[in-house]
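Build the full structure now, drawing on both the sequences and the hints.
Number of protein chains: 4
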Amino acid sequence: FMHEFVKKFGIDRILPPCNWIVVRISGCQFDQFSIIHSLDKPNDETALRLMNASASLMMEQYPDIVFGYGFSNEYSFVFHEKTELYQRQESLILSSCSSYFTSCYVTKWKEFSPHKELMQTPRFEAVALCYPKLKIVCEYLSWRQAECHAGNQYNTCFWMLVKSGKSETEAHEILKGTLSKDKNELLFQQFQMNYNNEPAMFRKGSCIYRRKVEEFAEAEGGDNGTARERWDVKVDHVDLGPGFWRKHPWIMTNCN
Amino acid sequence: FMHEFVKKFGIDRILPPCNWIVVRISGCQFDQFSIIHSLDKPNDETALRLMNASASLMMEQYPDIVFGYGFSNEYSFVFHEKTELYQRQESLILSSCSSYFTSCYVTKWKEFSPHKELMQTPRFEAVALCYPKLKIVCEYLSWRQAECHAGNQYNTCFWMLVKSGKSETEAHEILKGTLSKDKNELLFQQFQMNYNNEPAMFRKGSCIYRRKVEEFAEAEGGDNGTARERWDVKVDHVDLGPGFWRKHPWIMTNCN
Amino acid sequence: FMHEFVKKFGIDRILPPCNWIVVRISGCQFDQFSIIHSLDKPNDETALRLMNASASLMMEQYPDIVFGYGFSNEYSFVFHEKTELYQRQESLILSSCSSYFTSCYVTKWKEFSPHKELMQTPRFEAVALCYPKLKIVCEYLSWRQAECHAGNQYNTCFWMLVKSGKSETEAHEILKGTLSKDKNELLFQQFQMNYNNEPAMFRKGSCIYRRKVEEFAEAEGGDNGTARERWDVKVDHVDLGPGFWRKHPWIMTNCN
Amino acid sequence: FMHEFVKKFGIDRILPPCNWIVVRISGCQFDQFSIIHSLDKPNDETALRLMNASASLMMEQYPDIVFGYGFSNEYSFVFHEKTELYQRQESLILSSCSSYFTSCYVTKWKEFSPHKELMQTPRFEAVALCYPKLKIVCEYLSWRQAECHAGNQYNTCFWMLVKSGKSETEAHEILKGTLSKDKNELLFQQFQMNYNNEPAMFRKGSCIYRRKVEEFAEAEGGDNGTARERWDVKVDHVDLGPGFWRKHPWIMTNCN
Ligand SMILES: Nc1nc2c(ncn2[C@H]2C[C@H](O)[C@@H](COP(=O)(O)OP(=O)(O)OP(=O)(O)O)O2)c(=O)[nH]1
Ligand SMILES: Nc1nc2c(ncn2[C@H]2C[C@H](O)[C@@H](COP(=O)(O)OP(=O)(O)OP(=O)(O)O)O2)c(=O)[nH]1
Ligand SMILES: Nc1nc2c(ncn2[C@H]2C[C@H](O)[C@@H](COP(=O)(O)OP(=O)(O)OP(=O)(O)O)O2)c(=O)[nH]1
Ligand SMILES: Nc1nc2c(ncn2[C@H]2C[C@H](O)[C@@H](COP(=O)(O)OP(=O)(O)OP(=O)(O)O)O2)c(=O)[nH]1
Ligand SMILES: O=P(O)(O)OP(=O)(O)OP(=O)(O)O
Ligand SMILES: O=P(O)(O)OP(=O)(O)OP(=O)(O)O
Ligand SMILES: O=P(O)(O)OP(=O)(O)OP(=O)(O)O
Ligand SMILES: O=P(O)(O)OP(=O)(O)OP(=O)(O)O
Ligand SMILES: [Mg+2]
Ligand SMILES: [Mg+2]
Ligand SMILES: [Mg+2]
Ligand SMILES: [Mg+2]
Ligand SMILES: [Mg+2]
Ligand SMILES: [Mg+2]
Ligand SMILES: [Mg+2]
Ligand SMILES: [Mg+2]
Ligand SMILES: [Mg+2]
Ligand SMILES: [Mg+2]
Ligand SMILES: [Mg+2]
Ligand SMILES: [Mg+2]
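If you read the protein sequences in the order shown, they are chains H, R, B and F. Counting from 19, one number per residue, gives the positions in the first sequence under the working numbering. Counting from 19, one number per residue, gives the positions in the second sequence under the working numbering. Counting from 19, one number per residue, gives the positions in the third sequence under the working numbering. Counting from 19, one number per residue, gives the positions in the fourth sequence under the working numbering.
Derived by calculation from the structure, the hints in this document are not laboratory data. A portion of the hints provided could be inaccurate.
Any copy will do: because identical chains look the same in the list, a pair fits if it lies in one copy or spans two.
Stated by the list, open to error - Here are the computed lysine to any residue pairs in the SDA-like style, where the Cα-Cα straight-line distance is at most 25 Å: (1) Lys222 / His21; (2) Lys151 / Cys36; (3) Lys151 / Arg31; (4) Lys252 / Leu103; (5) Lys151 / Gln107; (6) Lys222 / Phe130; (7) Lys184 / Asn202; (8) Lys59 / Asp49; (9) Lys26 / Glu92; (10) Lys25 / Ser44; (11) Lys126 / Gln47; (12) Lys222 / Met20; (13) Lys153 / Phe27; (14) Lys222 / Asn70; (15) Lys265 / Val251; (16) Lys25 / Asp257; (17) Lys25 / Lys100; (18) Lys199 / Gln163; (19) Lys25 / Leu110; (20) Lys151 / Phe23; (21) Lys151 / Asp82; (22) Lys100 / Glu157; (23) Lys25 / Asp82; (24) Lys25 / Thr271; (25) Lys128 / Leu68; (26) Lys26 / Glu157; (27) Lys199 / Met20.
Remember, it's a predicted structure, so these values are computed and weren't measured experimentally.
Listed below in structure tokens is the structure:
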């Protein structure tokens with residue numbers, strides 16, 4: 019029948035089973051967005067906290083997300099390899115994640131920036147990646163953290179130079195071809211800034227994951243309260259090396 | 019290098035060229051959403067107008083959308099077959115459309131419902147369909163309109179029965195197996211309601227498209243103003259048959 | 019169950035409906051193959067006839083093929099846009115077409131080259147293309163014919179130069195940057211060869227399609243025989259321009 | 019340009035990296051083929067040996083195949099997860115494998131059946147499966163072997179019943195709903211046949227893989243010869259359980 023016929027033109031790609039699914043969401047036209055809303059340069063703490071708050075809500079909405087990592091205007095979410103969210107249909111996963119993240123971002127805006135009105139409708143795009151082995155998911159996350167580090171170090175130097183009176187063109191010129199340690203040196207020599215003392219959230223980005231915590235419920239009668247375990251969502255700003263995964267072995271194994 | 023390696027696990031499906039792309043966005047868990055926000059049954063005029071307002075903003079944001087059709091919590095957008103939006107990458111098209119629609123919906127909520135707070139974060143999912151021929155796009159749209167009609171007629175009867183004292187189970191029972199004209203008859207006999215007099219927006223859904231209008235710019239000096247043509251976005255509640263396409267021949271031919 | 023589980027890792031891409039499907043088969047390592055079997059240069063008539071014979075068998079095996087075009091070691095087959103061969107599963111269409119073509123090629127080899135043994139196992143690869151409009155199928159075919167023309171003109175010059183005593187390097191050097199008419203000129207001036215008099219099969223490749231022919235069945239008794247129509251497969255060596263399609267309007271419309 | 023344009027309609031799906039690729043080739047219309055060529059029922063040893071010989075040639079042609087398993091008219095080939103054959107393009111892998119297998123089958127036919135002419139052009143289809151983990155490849159192979167066992171046991175009973183005078187309908191009727199051990203019992207009670215004494219090639223199918231063998235090269239002068247190691251291709255008819263993989267640990271690890 020006609021209705022069956024027109025439905026056939028959809029595709030419904032199924033993400034292959036037994037693969038970790040990474041959904042990376044990233045802001046569109048945030049160069050404009052950051053100017054319009056006068057975000058601090060190179061890092062706006064409030065904007066980053068809003069990203070993290072939206073990511074927290076994502077983890078509540080999608081229990082199969084086991085880990086998230088974000089910086090600047092992007093966030094990557096790792097779904098457990100066994101997830102059956104939307105029967106692993108790519109279009110539904112991507113569209114629903116980008117929609118929900120956006121919805122949280124807009125809804126929470128007022129809470130984080132009570133004195134700044136939202137002047138431009140924010141928009142996020144998303145891509146999905148399928149990793150057959152956990153080891154490659156970890157490599158992916160290290161890559162995003164390396165991008166965070168490189169971008170942030172560059173931007174820190176760039177804006178220090180600009181604030182010190184250089185034009186933007188001059189600043190780019192000065193930084194061209196410099197290595198990581200040259201940039202650290204420059205910050206230290208010219209601006210007495212120790213890059214490693216900059217906030218970890220700026221340098222390392224934000225990791226988000228679940229962990230068990232003890233909760234003390236006060237006893238009703240009087241006596242001793244009782245301890246109860248529950249899972250909560252933790253935002254962390256740490257290095258995503260082998261040490262991290264050894265210290266948090268449950269993250270990737272638990273399917274929630 | 020490692021970074022090139024981890025990027026290879028994405029897929030970036032390209033929607034085939036010379037195909038009309040339809041993106042259908044639809045609300046998730048709107049059964050809950052409509053209860054929490056006490057939406058009118060079976061149709062909440064404000065909620066539908068908010069959908070239409072979001073669709074209008076979509077047409078401004080994405081100039082390659084040539085037509086939109088929506089009802090209830092869904093909206094379909096037709097992109098011109100020649101669109102090069104995101105180089106036709108499915109994941110970016112889907113995620114960005116669902117994100118932007120959501121962003122508009124949340125941002126405009128207050129304007130449409132100033133006295134109702136947004137209590138649940140809305141979320142939309144989206145699918146893409148590729149139509150090789152324009153004729154099949156029109157069949158697709160007729161299908162959605164047939165769904166609008168059938169659903170609305172059913173819900174109108176259902177809620178009339180419930181308001182008249184039947185239980186929900188009884189109402190479903192009464193409607194089981196009835197044809198379209200039986201339902202019209204039921205409304206007329208039992209409730210003196212002429213279904214065809216119900217608002218067109220409820221019965222036919224909403225079409226959205228661009229059309230040329232004359233604009234009178236008042237002359238600065240005094241004398242006669244001058245007429246100028248410009249495109250504006252029109253929301254219409256009409257039948258999407260061959261008559262409609264004959265009357266609006268430019269809609270599908272212009273690539274904006 | 020386990021068996022259902024392991025089956026899920028296949029993909030079964032469905033070629034989108036209402037699209038013309040072109041399967042292009044082309045020989046692998048035919049540079050070696052042509053040396054080992056001492057094929058004539060630049061064109062081996064016997065080898066080309068074997069390709070055409072295999073294409074004829076393809077048209078019998080797959081009634082939904084409406085047209086074929088081939089030259090050198092490649093053949094393109096156009097399936098009608100409505101074909102439901104293998105429910106349009108790409109993997110089955112591709113693998114079965116390349117298998118059957120190969121099978122025909124090997125089986126018929128002896129018939130075409132009775133005095134040449136098959137020394138190397140021939141192998142063909144195949145790709146599928148999906149065309150939403152017939153016009154683009156015709157453009158595709160013109161493209162392949164342009165490739166045939168350019169390749170053949172180049173090779174004709176190249177081998178004439180080599181036979182006249184130039185080294186292969188010199189021959190390439192001489193032809194570098196020459197235009198089509200330069201090559202015609204070269205053939206005429208140096209070798210008194212009028213390129214347009216070369217066999218059409220070499221210059222234009224081979225088209226294959228069905229056409230109605232009258233068949234005279236001799237009367238059994240004696241008197242007059244009766245004419246009957248039937249479809250046969252025709253191999254032609256002609257230009258695939260608009261004139262061709264005007265003269266053979268049934269080719270792309272009939273779904274057999 | 020036009021040529022670039024028409025090329026865009028191909029798809030070139032890339033099989034995802036770090037996945038084991040299984041290509042399963044299976045005969046088309048072999049019910050007819052086996053009748054036309056009077057193959058022995060239920061198993062034709064010559065036909066099976068021809069399948070194995072073709073599989074051997076496959077392993078020489080495609081060094082990235084690490085393992086093959088076949089029975090009846092099908093063969094599965096496992097490509098190492100790191101294979102870069104055709105840059106992992108599905109269409110080229112599938113079409114070239116099915117073409118080459120067919121070519122070998124037709125070419126070798128005469129050698130295996132010198133007194134039987136090839137009366138019908140054989141044709142094979144192929145599908146590709148992508149396994150992210152080796153463990154699932156082994157499950158896949160166990161599944162094919164379970165199919166071999168079940169099919170062969172059924173066919174053995176069926177043809178014994180038919181040869182004993184039952185009609186084909188009666189034979190199917192008798193076997194309906196029987197379990198594996200019922201069939202063993204039936205063979206033993208009615209035909210004094212111990213199913214486990216049937217040839218292993220019929221019961222277990224054929225495994226094909228590379229292994230190191232010592233080769234004794236006779237010394238030229240006279241004295242002692244020297245032993246040299248080389249890889250050869252082995253065809254085996256054994257159970258593909260954990261024991262097999264323990265005994266042949268190199269098979270899946272070596273990428274040749
Ligand atoms: N001032 C400021 N700007 C930020 C911050 N985080 C991100 N941005 C801005 C700086 C960059 O222009 C932009 C991030 O670069 P993208 O590569 O995502 O570019 P953009 O979104 O503009 O372009 P796109 O639409 O994604 O192609 O976001 C922040 O904390 N403060
Ligand atoms: N009261 C009221 N409800 C509406 C209106 N428009 C849509 N809805 C509700 C009624 C249905 O429960 C729901 C539409 O059905 P869907 O098929 O989209 O289901 P829903 O979104 O709940 O589930 P899903 O998450 O998409 O599987 O939205 C309206 O104007 N008034
Ligand atoms: N002597 C001779 N050679 C021919 C004839 N037709 C085709 N060939 C050879 C010449 C070229 O080396 C080869 C066609 O080029 P391809 O682009 O298909 O290359 P080839 O199949 O060698 O490589 P591939 O495995 O497809 O990457 O086939 C012919 O009629 N005579
Ligand atoms: N007599 C005999 N027949 C065999 C032997 N091996 C396979 N066959 C035949 C029996 C079955 O009819 C057929 C295998 O079943 P398939 O499921 O592949 O069916 P078939 O290829 O006929 O259909 P298809 O074109 O693949 O849908 O091949 C054999 O050793 N001896
Ligand atoms: O209490 P927090 O949030 O600082 O979390 P923690 O348990 O101290 O963990 P860590 O200091 O390792 O982040
Ligand atoms: O002015 P509107 O919005 O009613 O639009 P129109 O030009 O009258 O068009 P139609 O009545 O056909 O919708
Ligand atoms: O008899 P043929 O094969 O030459 O075919 P035809 O009917 O003469 O057709 P054309 O000369 O146009 O190829
Ligand atoms: O010599 P073969 O072929 O029997 O091979 P093998 O080395 O004896 O090995 P197995 O008997 O385990 O197949
Ligand atoms: Mg961006
Ligand atoms: Mg970015
Ligand atoms: Mg702490
Ligand atoms: Mg819904
Ligand atoms: Mg719906
Ligand atoms: Mg009006
Ligand atoms: Mg080739
Ligand atoms: Mg070629
Ligand atoms: Mg003629
Ligand atoms: Mg078969
Ligand atoms: Mg089979
Ligand atoms: Mg042995």
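Cross-check of the supplied hints:
Taking CA atoms no more than 25 Å apart as the test, Lys222 paired with His21 passes between copies only; the shortest distance there is 18 Å, against 51 Å inside one copy. When the C-alpha separation of Lys151 and Cys36 is checked against a cutoff of 25 Å, the pair qualifies both within a copy, at 9 Å, and between copies, at 8 Å. For the identical chains of this complex, Lys151 and Arg31 are neighbours both inside a copy (20 Å) and across copies (21 Å), given an alpha-carbon limit of 25 Å. For the homomeric pair Lys252 and Leu103, the shortest alpha-carbon distance inside one copy (23 Å) is at most 25 Å, but the shortest distance between copies (37 Å) is not.
For the homomeric pair Lys151 and Gln107, the shortest alpha-carbon distances inside one copy (20 Å) and between copies (21 Å) are both at most 25 Å. Taking the shortest alpha-carbon separations for Lys222 and Phe130, only the intra-copy value of 22 Å comes in at or below 25 Å, while the best inter-copy value is 41 Å. For the homomeric pair Lys184 and Asn202, the shortest alpha-carbon distance inside one copy (18 Å) is at most 25 Å, but the shortest distance between copies (64 Å) is not. Proximity of Lys59 and Asp49 under a CA criterion of 25 Å is satisfied intra-copy only: 11 Å inside one chain copy versus 43 Å between copies.
With identical chains, the CA atoms of Lys26 and Glu92 are at most 25 Å apart between copies only, with a shortest distance of 19 Å across copies and 34 Å within one. Taking the shortest Cα distances, Lys25 and Ser44 sit within 25 Å of each other only across copies (15 Å), while inside one copy they are farther apart (30 Å). Taking CA atoms no more than 25 Å apart as the test, Lys126 paired with Gln47 passes in both settings, with 20 Å inside one copy and 20 Å between copies. In this assembly of identical chains, the alpha carbons of Lys222 and Met20 lie at most 25 Å apart only when taken from different copies (19 Å versus 54 Å within one copy).
Taking identical chains as interchangeable, the C-alpha atoms of Lys153 and Phe27 lie at most 25 Å apart only when they sit on different chains, with a minimum of 13 Å there against 37 Å within one chain. Proximity of Lys222 and Asn70 under a CA criterion of 25 Å is satisfied intra-copy only: 13 Å inside one chain copy versus 42 Å between copies. Within a single copy, Lys265 and Val251 get their C-alpha atoms as close as 16 Å, which meets the 25 Å cut-off; across copies the closest is 47 Å, which misses it. In this assembly of identical chains, the alpha carbons of Lys25 and Asp257 lie at most 25 Å apart only when taken from different copies (21 Å versus 47 Å within one copy).
Taking CA atoms no more than 25 Å apart as the test, Lys25 paired with Lys100 passes between copies only; the shortest distance there is 16 Å, against 28 Å inside one copy. In this homomeric assembly, Lys199 and Gln163 come within 25 Å of each other (Cα to Cα) only inside a single copy, at 17 Å, whereas the closest approach across copies is 59 Å. In this homomeric assembly, Lys25 and Leu110 come within 25 Å of each other (Cα to Cα) both inside a single copy, at 16 Å, and across copies, at 22 Å. Taking the shortest Cα distances, Lys151 and Phe23 sit within 25 Å of each other only across copies (13 Å), while inside one copy they are farther apart (38 Å).
When the C-alpha separation of Lys151 and Asp82 is checked against a cutoff of 25 Å, the pair qualifies both within a copy, at 17 Å, and between copies, at 21 Å. Proximity of Lys100 and Glu157 under a CA criterion of 25 Å is satisfied in both settings, with 20 Å inside one chain copy and 18 Å between copies. In this assembly of identical chains, the alpha carbons of Lys25 and Asp82 lie at most 25 Å apart only when taken from different copies (22 Å versus 29 Å within one copy). For the identical chains of this complex, Lys25 and Thr271 are inter-copy neighbours only, at 23 Å across copies versus 38 Å inside a copy, given an alpha-carbon limit of 25 Å.
Proximity of Lys128 to Leu68 under the C-alpha cut-off of 25 Å is found in both arrangements, the shortest distances being 10 Å within a copy and 21 Å between copies. For a Cα distance limit of 25 Å, the shortest separation of Lys26 from Glu157 across copies, 12 Å, qualifies, whereas the shortest one inside one copy, 38 Å, does not. In this homomeric assembly, Lys199 and Met20 come within 25 Å of each other (Cα to Cα) only across copies, at 21 Å, whereas the closest approach inside a single copy is 65 Å.
Comparing the model with each earlier hint shows no violations; every hint is respected.
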